[in-house]
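Student: Relying on the hints, combine the two individually framed chains into one complex.
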Amino acid sequence: MSNALRISLLSALIAALLVGTGFVQGWNTALLILNMGLVSAIMSLGVNLQWGLAGLFNVGVMGFVALGGLAVVLVAVSPVGEAWSAGGPRMMLAMVLGAATVAGAILVQKRLTGPLRFWATLAVIVVGFIVYRMAFYPARDAIEAVSPAATGFLGGLGLPVILAWPVGGLLAAGAAWIIGKTALGLRSDYLAIATLGIAEIIIAILKNEDWLARGVKNVNGLPRPVPYEIDLQNDPGFVDSATSMGFDVITASTLYVKAGYALLFAAVLILLLVLAQLALNSPWGRMMRAIRDNETAAEAMGKDVTRRHLQVFILGSAICGIAGAMMTTLDGQLTPGTYQPLRFTFLIWVMVIVGGSGNNYGAALGGILIWWLWVEVEPIGFWLLSNIAAVLPDGSAFAEHLIDSAAHMRLLTMGLILLLVLRFSPRGLVPEQ
Amino acid sequence: MDPLNALIVLANFVIIPAMAYGAQLSLGALGVTLIYGILRFSNFAHADGMAAGTAATILFTWWLQALGVSLGPLPTALLAIPVGIAVAAALLLGTDRVVYRFYRARRAAPVVLVIVSMGVMFVYNGLVRFVIGVDDQNFADGERFLISVRDFREMTGLEEGLAIKTSQALTVVTAVIVVALLFWFLQRTRTGKSMRAFSDNEDLALLSGINPEKVVTVTWLIVAALATIAGVLYGLDKSFKPFTYFQLLLPIFASAIVGGLGSPLGAIAGGFIIAFAEVTITYPLKKVLSYLMPESMEPDGLIQLLSTDYKFAVSFVILIVVLLVRPTGLFRGQSV
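Chains A and B supply the protein sequences, listed in that same order. The first sequence begins at 1 in my numbering and counts up by one. The second sequence begins at 1001 in my numbering and counts up by one.
Certain hints may be false.
Computed far set for chain A versus chain B, every beta-carbon distance over 12 angstroms [unchecked claim]:
hint : residue
1    : Val19
2    : Gly104
3    : Ala120
4    : Arg133
5    : Ile205
6    : Gln233
7    : Phe238
8    : Ser244
9    : Ala297
Pairwise CB distance ranges (calculated) [claimed, not checked]:
hint : chain 1 : residue 1 : chain 2 : residue 2 : range
10   : B       : Val1134   : A       : Thr182    : 34 to 42 angstroms
11   : A       : Ala297    : B       : Val1134   : 54 to 62 angstroms
12   : B       : Ala1109   : A       : Phe247    : 40 to 48 angstroms
13   : B       : Val1149   : A       : Ala100    : 27 to 35 angstroms
14   : A       : Val239    : B       : Leu1305   : 58 to 66 angstroms
I should point out that these hints are in silico values taken from the structure, not numbers from a laboratory. Note that CB positions come from ideal geometry on N, CA and C, so glycine has one too.
Bound-form chain B, shown alone (with noise of 0.2 angstroms):
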C-alpha cells in the first residue's frame, strides 16, 4: 500500500497528459461551437483550418530559428504565432467571402454548407500537404522538460518520477489566458455582446440593427486565432502531421456535441471529458492498482480496458451515450 506513488503514477501518466490534450481539444471545440453558434453548420473543415495555421506557424518558426532568434527555454514557435494566426485568419476569411457568403446570402440549409465545408476541407488538407509535406515535422525547441523524473525523485524521494514537458505546461497555462480572453471578449464587449444575440436570435439580432456581415467576420477572426493556437500546441506536444490533424476531427467534434454544440463553456468541459476518458480507458492500470492493493491481491494482468488504438472509438462512445441521454450535450446548447 502506496498511495502516494500510485497517485504519482496516475498523475504522469494520466492526469498531465490527459489536461494538456484535454486543453488542446478544448481550444479545438471551442472553435466549432463559434461557427455552429453563429454561422449555423458544423465545419469540417476545421481540422484542417488548425492544420494549415500550425503548418504556417512551423515554416515562421523555421525561419527565425535559421535568423538565430530563441526564447531561450521557450520553445521558438510561440514568437510565431501570430503570423500562423494572421495566414489562418487570411485562409479562413478568404474562404467565407469566395465560398460560404454565397451559401449564406441563399439562407442554404445547414446540411449544403456541412457538404461545401466537405469540399473546403479537402482543399485545405491538399494546400497544406503541398505546401509542407506529409511528413512528420517536429518543431519544438527550448528546454523539453519543465520537471524531469530525475529531478523530481531527488526532490521528493519517492520512487515514482514525475515529468512535466514544458509543452504540457505551456498548454495549459497558453489555454487558460485565451479561454478568459474569448470570454472576457463575448461578455464585456459591445462586439462580443452582439455575437451572443446574434446566435441566441437571429432575426432579432438583425432587427436592433447588428450588422451580420461584422458578427460573421469577427467570429472567423477569432475562430482562426484559436484553431491556429490549439494546432501549435498540439503540434508542440506532440508532432505535426498533415493526417494526424485530419483524425482530431471525430474528437474535436465528440467535444464540442457532448457539451452541447453553440456552449462555449460546454466545449471547454467535452474536451476534458473526452480526454481524460481517452487517456484513463486505453491506459494499463497495473502500476496505479499494484500500489494501492496489498500485495496478495495485485493484478496479474495489465488492467487496460481497452488497447490504445480504440482511442478514437472511446470519444465516440461518450458522444452517443450523451446524445442517447441528453440529446442537446451537457450544457444545453442549440439545436437548430
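So here's chain A without its partners, still in its complex pose (with noise of 0.2 angstroms):
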C-alpha cells in the first residue's frame, strides 16, 4: 500500500471516529477531541522530528508543553502593578546575579586549568548562589506578599494572547539549548533520563515559584483568542443567525468558540507540517538522516553531528513548547500541578510510534488518532466492562471492582496498542519513505 494510499486512508478513520463521536456523543465533544487532537499533533510533530528526523530519544516532552504554557501567562496576563513596585527590579537583579554566577562559572571553568579550576568554580558557584539568595528571598517575598490570594505574582506583559505561542516556542527552545549543551554528548539511554529530570525540574519551579506564575495556585481566567460564549449569547447578531439555522443559542455559541479554536490551531498544525515536510525533503533533511543512519561516516564526511543534533533538538522542542502555550490558552488556565509525565511525555511517544516515526503526516495523524482513544477507552472501557459484570451475579464486589476500575483502563490499552505496534509494525501505520 503506498503511503498516500495510508494517509487519506488514516485520515478517514480519524474523521468517521470524530463525526461518529459527533453523533453519539454530541459535537461539544467530538470538537473538544478534535481541539486537544490537534495540539497532540503538533506535539508529537515535534517529538517526530527530533526521534523520527535525528534519532535523539527525549523523554521530556512535558517539560517543554510546561514552558510554553508559562509563557501565555508571562506573555498575555496583565503585569501587577502593586508586585513590580514591591520587589520587580529586586527579582529581576536577582535573575541577573543568578545568570551571571552560572556565566561566571563556565568562564572560569574555560579559561584555568590545573586543580586552581575545580576550586575557583566552586568559590564562583558558592558566593554567586549566596550572594543570588540574599537578592532573591526579598523580591520574592515582597511580591508573594501583594494579595497573594488574588495576585501575589508579577504578572505578565498584559500583550494579545496569540503572542504567546511563539514565545512559549522560544522559551522551550531557550530551555533545549541550554539541555543540549549539557546532554546531548550522552549516549542514548543517558540522554533519555536527563530530559525526563529537566521535565521534572521545570514542573518543581513551576510548582514552588509562585511570585513567577503563582505555583500550585494555578492563574485562572487567561485571555482568550476567541470570543466568549456569554458575548455572543448577549450579540444579538448571533443570536438571529443561530435561531435562523435552527441552533439553541447557547448550543450554537459553544460549538461556535470551539470551532474557532480548531480553525486556528488547524492552521499552526498546517503550517507546522508545511514547514516540517520542506525540512524532511531539503539538502538538511537527508543530512540529518544520514546522522541518524550511521552517525561516524557522516562524521567522516566531514558533518558536526553534534551541531546538527543541537540545532534539530531545539527546533522540535520549540514545536512541543508552542503546542504547550497552545493548551494552555485552550484550557484558560495554567494548573503545574496537572503535568505528568505518563499524559505529557509517554502518552506522546506513543503517538509517534504509532502514526509512524520518521514520517510528518504519520506522527500527527498518530497524534490525533491516539488522543481520540485516549478520550474515549473510558467510556468504551466501561461499556465492555458493565457488560462483563451484568453477567457476574448481582451485588458481587467482584462485579463492583470491575466498573469501579474502568477508569483504569487507559493506560493498559495504551501499552497494549504501543507493544504490539512496535511488534508487528514496527515503523508505524505510515512507514518513512
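Tutor: Quick look at the structure:
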C-alpha cells in the first residue's frame, strides 16, 4: 500500500471516528477531542522531528509543554503593578545575578586549568549562590505578599494571547539549548534520563515559584483569542443567525467558540506540517537522516554531528513549546499540578510510534488518533466492563470492582497498543519513505 | 554550643531517614543495573515492576491479617513478601517471554528496547491501578517505633529526642542481608559467575558455553526479588501509592547512573549519595546550627537550601554533574 493511500485511509478513519463521536456523544465532545487532538498532533510533530529525523531520544516533552504554558501567563496576563513596585526590579536583579553566577562558573571552567580550576569554580558558584539568594528572597517575599489570594505574582506583559504561542516556542527553545549543551553528548538512554529529569525540574519550579506564575494556586481566566460564549449569547446578530439556522443559542455559542479554536489550531498545524515537510525533503533533512543512520560515516564526511543534533533538538522542543502554549490557551488556565509525564511525555511517544516515526503526516495523524482513543477508552471500557459485570451475580464485589476500575483501562490500552505496534508494525501506521 | 544535641537532631531528621531511603533506592538501582548489565537496556518499567510486586504483597498481607496471622512487633508484610516476589517473578518472566525475547533474538538496538519498556511500563501501571486502585494504601502493622522520642529522652536525658521507626530499622537490616546474598551469589556460585561473564563480554561468554536464556531468566528472577523487597520496604516506610512508585523511577535511575550503570557496587553507593543529598539539601538546618553556634550568631532563616518540592531536582542535578565529570559514573560502569 502506498503511503498516500495510507494517509488518506488514516485521515478518513479519524474523520469517521470524530463524526461518530459527534452523533453519539454530541458535537461539543467531538470538537473538544478534535481541539486537543490538533494540539497533540503538533506535539508529536515536534517529537518526530527529534526522534524520527535525528534519532534523539527526548523524554522531557512535558517540560517543554509546561514552558509553553508559562509563556501564556508571562505574555497575556496583565502586569500586577503593585507587585512590580514591591519587588520587580529586585527580582530582575536577582535573575541577573543568578545568570552571572552561571556565566562566571562557565568562564572559569574554560579559562583555568589544573587544580585551581575546581576550587575557583566552586568558589564562584558558592559566592554567587549566596549573593543571588540575598537578592532573591526579599524580592520573592515582597512580591508574594501583595494580595496572595488574588495575585501574589508579577503577572505578565498584557499582550494579545496569540503572541504567547511563538514566545512559548522561544522559551522551550532556550531551555532546549541549555539542555542540549550539557546533555546531547550523552548516549541515548542517558539522554533520555537527563531529559526526564529536566522536565521534572521545570515542573517543580512552576509548582513552587509563586512569584512567577502563582505556583499550585494556578492562574485562572487567561485571555482568549476567540470570543466568550456569554458575549455571543448577548449579541443580537449572533442570536438571529443561530436561530435562523435552527440552533439553540447556547449550544451554537459553545460550538462557535470551539470551532474557532479548531480553525486556529488547524492553521498552526498545517503551517508547521508544511515547514516540517520542506525540512524533511531539503538537503538539510537528508543530512539529518544520514547522521541518524550512520553517525560515524557522517562525521567522517565532515558533518558536525553535535551541532546538527543541537539544532534539531531545539527545533523539536520549540514545536512542543508552541503546542504547550496553545493547550494552556485552550484550557484558559495554567495548572502546574496537572503536568504528569505519563500524559505529557509518554503518551506523546505512543502517538509518534503508532503514527509512524520519521513520517510527519503519520506522526500528526497518530497524535489525533491516539488522543481520540485516550479520551474514548474510558467510556468504551466502562461499557465493556459493565457488560461483563452484568453477567456476574448481582452485587458481587468483583463486579463492582470491575466497574470501578474502568477508569484505569487507559494506561493498559495505551501500553498494549504501543507494544503491538512496535512488534508487528515497528515503522508505524504510515512508515517513513 | 551543644554538639550532642545537634548530632541527635541531625540523626533524627537527616541521617536515619536518609539511611532508610538510601537502602530502598540502592535495592531499586541494583535491579536497574542488573538489567542494564545483562540485557543491555535501561528498563523504564522497573519502578512499575516494583509497584506490581508490592501490590501483590499488600493483597496477601491483608489476607493474612484477615486470617489473624501476625508477626507480633514486626509487620505482617514480611510474611507476604515471598508471595509478592513470586507474583513479580511470574509477571517479569512472562513479559520477557512475550515481549523482550523477540527483540533480543533480533539483536535490536538498545534504544528500541527502552521504548518497548515504556510500553511495558504503561501496561504494568495500568494493571496495578486496575488491581489495587490509585489511593494511598497503608499496610504497616506491628510496633511503629523501635525507639520513640520520649523513650530516648528518658534514656539519655538529652533535650532532643531520637525516634527510629521499625520500618527504618527493618529496611537497613533487610537491605544488608539482601545485598550480602546477592554479592555472594554473583561471586561464588556458578550461575552468578556466568552472569558476570555474560555482562563483561557476551560473545566470549557464549563461546564458552554459557546458556544465555538461563542467564536472562535468573536475572529476571533476581530483579523481581530485589524490586519487590525494595517496593515493600519503601511502602512500609512511607505508604503505597502507584503514582509515587512511578515517580521513583528518576531517583532510582539517578542512583544507578551516578554509581555507574552495570556496576552493582556503584548502584549501592549511588543510592546512598542520592538519598543523603536529597534529604540534606531539602532539610532546614536551623535547629542543628542553633545548637552548634554561639547564641549571638544563630541563624534567622530556616537555612534550608531548597524547598522540599525540589527533591527530584536534587537527584537530577547530581546526576548531570557526575555525567559531566565522569561519563561512566563513579564506579566506571559499562558504556555500551
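Student: Decide, hint by hint, whether the structure agrees.
Tutor: Here is what the structure says about each hint:
| no. | hint | result |
| --- | --- | --- |
| 1 | Val19 | 29 angstroms, holds |
| 2 | Gly104 | 17 angstroms, holds |
| 3 | Ala120 | 16 angstroms, holds |
| 4 | Arg133 | 9 angstroms, violated |
| 5 | Ile205 | 8 angstroms, violated |
| 6 | Gln233 | 39 angstroms, holds |
| 7 | Phe238 | 43 angstroms, holds |
| 8 | Ser244 | 49 angstroms, holds |
| 9 | Ala297 | 16 angstroms, holds |
| 10 | Val1134(B) x Thr182(A): 34 to 42 angstroms | 35 angstroms, holds |
| 11 | Ala297(A) x Val1134(B): 54 to 62 angstroms | 49 angstroms, violated |
| 12 | Ala1109(B) x Phe247(A): 40 to 48 angstroms | 54 angstroms, violated |
| 13 | Val1149(B) x Ala100(A): 27 to 35 angstroms | 45 angstroms, violated |
| 14 | Val239(A) x Leu1305(B): 58 to 66 angstroms | 60 angstroms, holds |
Hint violations for this structure: numbers 4, 5, 11, 12, 13, all remaining hints satisfied.
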